[in-house]
Each structure stands twice: as structure tokens, then as C-alpha cells.
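Undergrad: Using the hints, position chains B, C and D against chain A.
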Amino acid sequence: MLDKRVSLHEAVASIPDGAVLALGGNTLHRAPCAVVHELVRQGKRDLTLVKTASSYDTDLLCGAGCVSRAELAFVGFENVFGLAPRYRLAIETGRVKLREHACYSIITGLRAAVQGVPFMPIAGMVGSDVVAVSGFKTVQDPYSGQSLVAVQAIQPDVAVVHVQEADAEGNAVIYGTRFEDVLIAQAARRVILTCERVVPGEKLARQPELTAIPGYLVEAVVEAPRGAWPLSCAGEYGYDHAFLAAYVDAARGDEATYQSFIEQHILAPDAALAYAS
Amino acid sequence: MLDKRVSLHEAVASIPDGAVLALGGNTLHRAPCAVVHELVRQGKRDLTLVKTASSYDTDLLCGAGCVSRAELAFVGFENVFGLAPRYRLAIETGRVKLREHACYSIITGLRAAVQGVPFMPIAGMVGSDVVAVSGFKTVQDPYSGQSLVAVQAIQPDVAVVHVQEADAEGNAVIYGTRFEDVLIAQAARRVILTCERVVPGEKLARQPELTAIPGYLVEAVVEAPRGAWPLSCAGEYGYDHAFLAAYVDAARGDEATYQSFIEQHILAPDAALAYAS
Amino acid sequence: MTTPAPTSLAQANMMAVALARLLRDGERVFHGVASPLPMVACLLAQRLHAPRLVYLNITGSANPTPAELPASTVDARLLAGTHSLVTLADLFDMSARGAIDTVFLSGVQIDVEGRINMSAIGPYAQPKVRLPGGAGSAALMPTARRVILWRTKHDPRTLVERVGFVTAAGNVDRVVTPLCVFRRVEGRLQVEQLFPYTAADAVRAATGFPLDADDTTPVAPPPSEAELAALAAIDPDQIRLIEFM
Amino acid sequence: MTTPAPTSLAQANMMAVALARLLRDGERVFHGVASPLPMVACLLAQRLHAPRLVYLNITGSANPTPAELPASTVDARLLAGTHSLVTLADLFDMSARGAIDTVFLSGVQIDVEGRINMSAIGPYAQPKVRLPGGAGSAALMPTARRVILWRTKHDPRTLVERVGFVTAAGNVDRVVTPLCVFRRVEGRLQVEQLFPYTAADAVRAATGFPLDADDTTPVAPPPSEAELAALAAIDPDQIRLIEFM
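Chains as they are written, first to last, in our numbering: chain A, 1 to 277; chain B, 1001 to 1277; chain C, 2001 to 2245; chain D, 3001 to 3245.
Excised from the complex, chain A in its bound form (with noise of 0.2 Å):
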């Protein structure tokens, strides 16, 4: 068995400014947070953010210069703490530019990527103005002649994804709920893989039906305990409650605050070690 295991400096070093990088998780939960810290640490810039609905974890990159475009269905905190702060101003100040998705015209695109085709017709979207802000076409079916909206396969150079297990080579372990992780691990060309443990592949060969990514698709595998931190990593532990609030009030003060913010919670050297406390 291949040990695909690499340092969170290493794998997060081989993701390339300017990525499409597909991130797993869905709102407050289970994104891979220690990775997109990681990304804010090493500056990367110009990055495309593939997600469906997200929260703080594009927050965080919008507001840290890291990203430049992005295709999502959805951002914010939910009705725990509300809009995303900087993810609006980024949008609103033109710094990223958005392709405004609904979750099924994500999935769909990444489908359509996973199935190796370059569109697929989607059911829906009829009546809404994003299907001509976010240009999508129509396509007429062969049989039928009925009219679709059409999805553009969506292909991510790099998807990321933190699950509760992963072994050596790869094979992960999702407890609770998949999101679109499995959907992204497909598409992309490229996986990096977080999980809170690293277990034996035996563990996992004793019940194969559980492991949801085959370690064939991905290419890293980080041990990242509390590796979702702050969002929720179910069986796990909770969003932290106390954290985002203070990151959502920093968010939403002047970019001083923020900044300073960051630099303290996120750039500083010891910044890492506070997450696994």
C-alpha cells in the first residue's frame, strides 16, 4: 500500500495560485479548514472557489486576497451569525468575481465533469435570472425537442476534503453526512485529502462498504486533527461557537481590525498549535 502521507505545509504548497480549487464540507460544517488556514498562511492568490454552500471558510480566503473568482451557491453563517462579511464586500467592491450557481447547477457541472462530458442538461432553473447572469445555455433534446438548461462540466484542479478517517493511502472514511465531497473528489483533477486520523488499512478493509473516496483518486493525505476547526467535523466535535462570533465581528469591522485579526488567529506562528487545543 502506497503511504501517501505529507505535512499540511507540503500539500497545501502544491496547490498552484490561481487553482480552481473545490473545497468539501457544506455551511458550518466539515469544510477543511486546516487547509484553507494553510492557504492564507502561504498567500496564495487568484484562486476559483468551487462549493455549493459555504461560510466561513470563503469568507476567510475572500478576506484574506486570496480568491478571485468563485462558483457557489450560497454563503453565509446561516442564522447563527448571518451574511458572510467579507465575502460581501469582496463581491460588492468587484475583488471577486462571482458565477452565481444553485447548488444542483454546481452539482450537475461536476457531474458532467466526473462523467467526462462537457455539459449536462439540468432539470429546473426555469424562471431565474441566474441562468442568464451566470450564462448558461439551453439545449434542445434530441428525442423530444424540449428545451433545457444546460451545465458546464465543472472540473477543480484540486478538491480538498476532511473526513473523520482516512488509511495511508487514501481510502476515507465519511461518518454522517457526504455533502458533495465524494462528488468533488471525482472531478477534480487532483485530491487532498485531510482527516482527523490516519487508521490502518485494515480497519477499513474489514468494512469497504464505509470508505466513501477510494485511495486510487487521491494524491495526499494529511493528518489534521481538529482539521475542520472552527466548523463541525460530525462524531467529532461542534462549529466553535465562541471563535466565529469573534470572526464574524472582526469581519464585519474596518479592514485594520480584520487584518489584525487574521494576522493574530491565523498568520502567527503559534496560531496553528491553538486550533488542536
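Treat the hints as calculated values from the structure; they're not laboratory data. The C-beta atom is built at its ideal place from N, Cα and C for all residues, glycine as well. Among the clues, some could well be false.
[Claimed, not checked] With a Cα cut of at most 35 Å, we get these calculated DSBU-like pairs of lysine-lysine: (1) D:Lys3128 to B:Lys1137; (2) C:Lys2128 to A:Lys137; (3) A:Lys203 to A:Lys4; (4) A:Lys137 to B:Lys1137; (5) A:Lys203 to B:Lys1203; (6) A:Lys97 to C:Lys2153; (7) D:Lys3153 to B:Lys1097; (8) B:Lys1097 to D:Lys3128; (9) B:Lys1137 to B:Lys1097; (10) C:Lys2128 to A:Lys97; (11) D:Lys3153 to D:Lys3128; (12) A:Lys137 to A:Lys97; (13) B:Lys1203 to B:Lys1004; (14) C:Lys2128 to C:Lys2153.
[As the list claims (entries may be wrong)] Here are some chain A residues pointing at chain B (derived, C-beta under 7 Å): (15) Phe119; (16) Tyr143; (17) Gly145.
[To be verified] Label pairs and their calculated CB-CB ranges: (18) C:Ala2233 to A:Gly145: 49 to 55 Å; (19) A:Gly94 to C:Asp2173: 35 to 41 Å; (20) B:Gly1127 to C:Ala2080: 51 to 57 Å; (21) B:Thr1093 to D:Arg3188: 36 to 42 Å; (22) D:Ala3232 to B:Asp1046: 50 to 56 Å; (23) D:Ala3232 to A:Met1: 22 to 28 Å; (24) D:Ala3226 to A:Met1: 21 to 27 Å; (25) B:Gln1259 to D:Arg3145: 45 to 51 Å.
TA: For chains B, C and D alone, coordinates are given in the frame of chain A:
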């Protein structure tokens, strides 16, 4: 929790003549043979079969005169017993009309039904005469102009799947390979589930990641121990080599020999009991 | 963040109950992210008049029995007790093929035709406020058999004649606010029921499109003892109030 | 069913070894139903020169370590030791998006261009023999980066100038028979290696299209001691012979 358990007779009686029927499993493995046998006993007619790769199930239903149309990619006993004699005869004599597929075009057609779209583009198929004889049309990617084969949605009226474990509501656990079973359960208007054993719902609640088919998609649950016999059921039993050898031998014989085999092994009142041995 | 007004609990109770009453036994009901009131309404309907309702949510669980309700409706606490898990893709597929009966959606703005704006206030390309986005709504709203909208704000900037940007449009049946239940009749929202603590003229004044609500408009029964008891049992921490903060 | 001819084991060994030698370390290799020889070849290559080869099969397992080899290559015994399971759809998707390096396929008939017929002998609408069908081949053959065909019969009715029905066509690289290895060069099959127990004229006589094989055509090294020992360890029950029955 709803209790959807019914008898095998009742479940099969609900399948009308003329139904488009998708069968679970693959070649010699985990097909819902208890239902197949009962379809023969109840003298169903004019069925359309949908499956990627099939063996005994399709051969018997064709031999017993239950089938008039089929959408299939492979029918045979692999290298164990070779060609499927009664399927062959049914096609060669024109009694069954085949719309030949690749496994992937069956999958693509089912996916279109699952996603509520009338067609889906497919990679590959280029250069195959199957495209012409099966009437697959082409579609142009509205973005690039690229031409692709388009597969029409395949929506079975009824999907029948045999699994190892299910609760009384129809939440189904499949150990080992799932084949297309989840896909046909999603695509079909109705789902009939047979299982080796009904287990308490609490067992599934402890590890819902293992549930392959959610109960809310299932209409009826039949407890059918050895319900894949004479084919295999992973973790439970292998295929019955001796029975299949006798079957194929009879199927290669003349009509009287074959019908006598069906009479003795499928139709006879005590035949069903023999399966449980 | 402001504290809820004194009437918020009454409004939250009435809205949860009104949403629950719209649900029918045996139907498949779905809600997505940021949907505390629909979450409570589904659990309430199951406990009261719809024990066979299939309650599906964006976490992919079915008929969960959460020990405590989460503030985020994608939370793993919504998996408790489920016998199955599916992905978001599976759920959207179900709606796409007509296999979901009722979907709960919301809009920062809702217009007289039941169209919603979750995208932007002001010019789309340079918005005054970039909103979260519609999540699943543009795909769900035309494909779900029935859409119920809810919104905890009811004012003329929220309920408008025409949204500035149509994030999604489709099969809207009812809209529930803190003041009333709207029904879409011949393509336009009309007040179906006033809530007991409101008056027709107050609703007219709070709505950005013309209404014919008056003293003859039916009034919803207030939450019954049974409904309130069920609410207290399901949501003792009053998560339903979070949408009023 | 007939018993294998005396030379069948030598042929089966040579074919398994020749197929294995074509596989490269690190590549992703896939076989489908009814593929005993490719199953043996993948396991052999992993044991010999390609320890990092990713062996995928239609059961959805990866790098299985079967205690005994099944006669059906969809058998659950091919799951032993795997750390992951995927569906058939996932595997076909991988090929569709270019993520599978080598696919093993077969044809009842194979023509000079490497096209296969698995559908019908005689007129398609009223065939003399209805064949099993091509399973995944029509989708896989144009999308897999490389296709290796194998067939345990080598006669003029099997290796033909032009198949009567093209079940699939695409990226065929090599064809392995009991007599030789063909390579497709400029769109046409040519003998790359004769097997040690055959002669060029015998291969020409057994092939339904013209060949320029002669005494100068390279001869494959016979199975080495190491190869034979590995074969015996992987396939002690000689499942590889089943394709010769």
C-alpha cells in the same frame, strides 16, 4: 416506522403485465431470483427487462415467455456456462425485441430518469454500430459545439432489488458490491425489495452510512431467505453451480425438455421450498 | 445582534404552527440550509397530524429524532435516529424527478408572484448588498410539487411587487410570515389567513403590493394547547426564535 | 463442455504472462465480466514488476487479495482485502473522464482494425447466433487510454478482416491470442511477438486477414521460472484454463 412487509406472492402480483422491470444484481450475482421465479409462476407477460449485465434471470424470464422487450448490455453465464440459451433463442426467433446497450448507456439512461431530464449525453459509444441499431441520437454541446451521443431517460415502472438486510420500512443494506441497484431504485416509479433477513431499524440507525437504499423510496419489503438463489449473494452464499449446470443443460435442449425443467423446478408447488434448502 | 422583541415568541410559535398545519400526512417534505422554522414545523407535523410524513433535510437524513435542535439546519444533530443517509445531490435529484411533495424555501425579498431574491440588493453586477445566494432554490422551486415560502420579516421592503433579481421562481403555493399566510391564487399572493394578533390594515400597510385583506379575511386559529405542548417538547431551547434575532 | 486440449495450460500460461508483461507499474487497469485471464494477469503483474499497479475490476474493488480465484469475474471473492468499493457507474465514469489507463476487453470476433463483435453472427435483426453483447465495451473502448484485447481462440472466423457488426471500436493497442501478440500500428493489427510454441506460417494460416509475420518476427520469451511460480501461487486451481473449455 411504516411496516411495508408483504408476501412474495403479493409483491409480485402488484407487477402488471407489460411493466418495464429493472432487476438488481449483475451476471451471476445477487439478482432478485425469488421474484423472478414468482413472475414465472404468476405467468406474467409482455415485460420489458432493463439491466446492464444479466444471466439466469433474463434467460429464464425469456424462456418462460414473460418478456417481449429488453434493454440490456450483456446476457450470459460468463465463462462458467457460456451463452444464455433461451435468451439467444428469444432474440434469434424475434420473440423478444432487444434494444442493445452498453452497460454505461443503461446507466446513463437511468441517471437521466433519476435527474428528471429526458436525455443525457454520454462519453464514448463512438464507432459502435449499437448507436445506429438502437436509435441513439446525437446532441451538440451548446458551449463548444461538440457532438455527443445522447441517451434517452430509462424510467422503469418497477425496480426489484435483493439485498442482505433491510428493516421493515425498506431501508436496505447491501454488503459488497452495489452494482446498479441504487440507481434502479432511484430511477424507478416503484421499488420492491427482497432481503435475506429483516433486521430491526435500530441496527440501521446505529450506522446509517451503510444504508444503500433509503426506505422512503421503497414500496414493499419481502423477507426472502436465499432470495438470490441460484445466483450468489455476497457474504451469504455462492451461486449454485449444480443447479445452474442442470438449468443450462435443459435450456440448451428442446422446448419440451426445457419446459419440463421449468415445470419441475419453478412451477411445481413444492419447488419454492427446495430453494430454502 | 439584537434581542428578540417581546412578541417574537408568539410570532415564532404561530409561524411554526401555521407551517406545520400546511403539511399533509404521508407527503415527502424537504428543507435546506438556514431553515430553523421549517425544521420545527416538520417535527411538529409528525408529532401531531402527520405521523407518516417523510421529513427530509439537507443533511440527508430521513425522519430524524434529534435530542436537541441545532441552530444550523445542516448540523449533524439532525442525523440522530435516521435509518438512511443520502447526499445533497440525491435530494435535488428527487425534486428534479418529481419525488418531493413539499419544499420549504425563503427569500430575502418575496414578490407578489412568489418569486424570491436571495442574490443581490441593488444592481446585480455592483450590488449594494450581496446576499447569500439561493442555495438550492433555483433548481427546487420549478421542480418541487409544492413550495412553501416563509420569512420572519414582513415589511414593504421584504414583500415587494417585483423582486429586483429573480433568484428563483416556481411552484409557490403558500407564503408564511409573522403576520399572515398568503396563498398564491392565479399567480398572485393573496392573504388566506390573518394571524390572531394582527389586523388586516396592519398587514396591508406592511406589504409592498396591494392586498384585498379586510375584516372578513379568515383568521388562523391560535396555537392550540396541544400544538404548544408539542412545540415545547420538540424545541425546548426555542431554536425557532433564532430567525427573529 | 469439452476438456481442455493438452496444450491449453501452456497457452493459458503464455497468455496470462504476455498480458501481465504489457502492464506498467503505477497504471490503473480495469477488467469487466467474463475476464479470467485479465484477472490473473493483473494479479501477476502486481506480484512481479508492477507492485503499484491499481487493479480495478467490475466488482468495484481495488487491489483485492483473493484467497481463491472465482470463475466469474464479478464474484464477491474479488472483494477480499479491498479498502474501497465503488459501483459500475463509478468505474465507467473513470474511463469516460480519462482516469483509467488500461482496459481489458474481448470480442467473439476481432477485426484487423481492432474492432470487436460481441453482438450477433449473421444479420443483426435476425441473427444466426445472438451473442452476449458487449457489456461495457462500446463506452470503454473509445475512452480508455489504452485497450488490450484478448481472445483464447485464434482462427480465421475469430480474427477477421472486418467484423459483421461493430459492437465497439476505439483505442486498441494490443491483442493477445494463444498464438501471438498483435500490436495495432497505423490502424491495423500486426504481429508483434510470436509465442515460442508457434510458427509464423501457422499464425498466418489461422488469421483471417493478411499478416507479414515471418521467420524474422520476434518471439516472446517463454514464461520464466519466476512467472510460472507466481502464476502457481496466484491461481493454484488454474481458473485461467476456464476460457479454454
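Undergrad: For a quick check of understanding: which of the numbered hints are violated here, in increasing order?
TA: Per hint list: single violation, 17.
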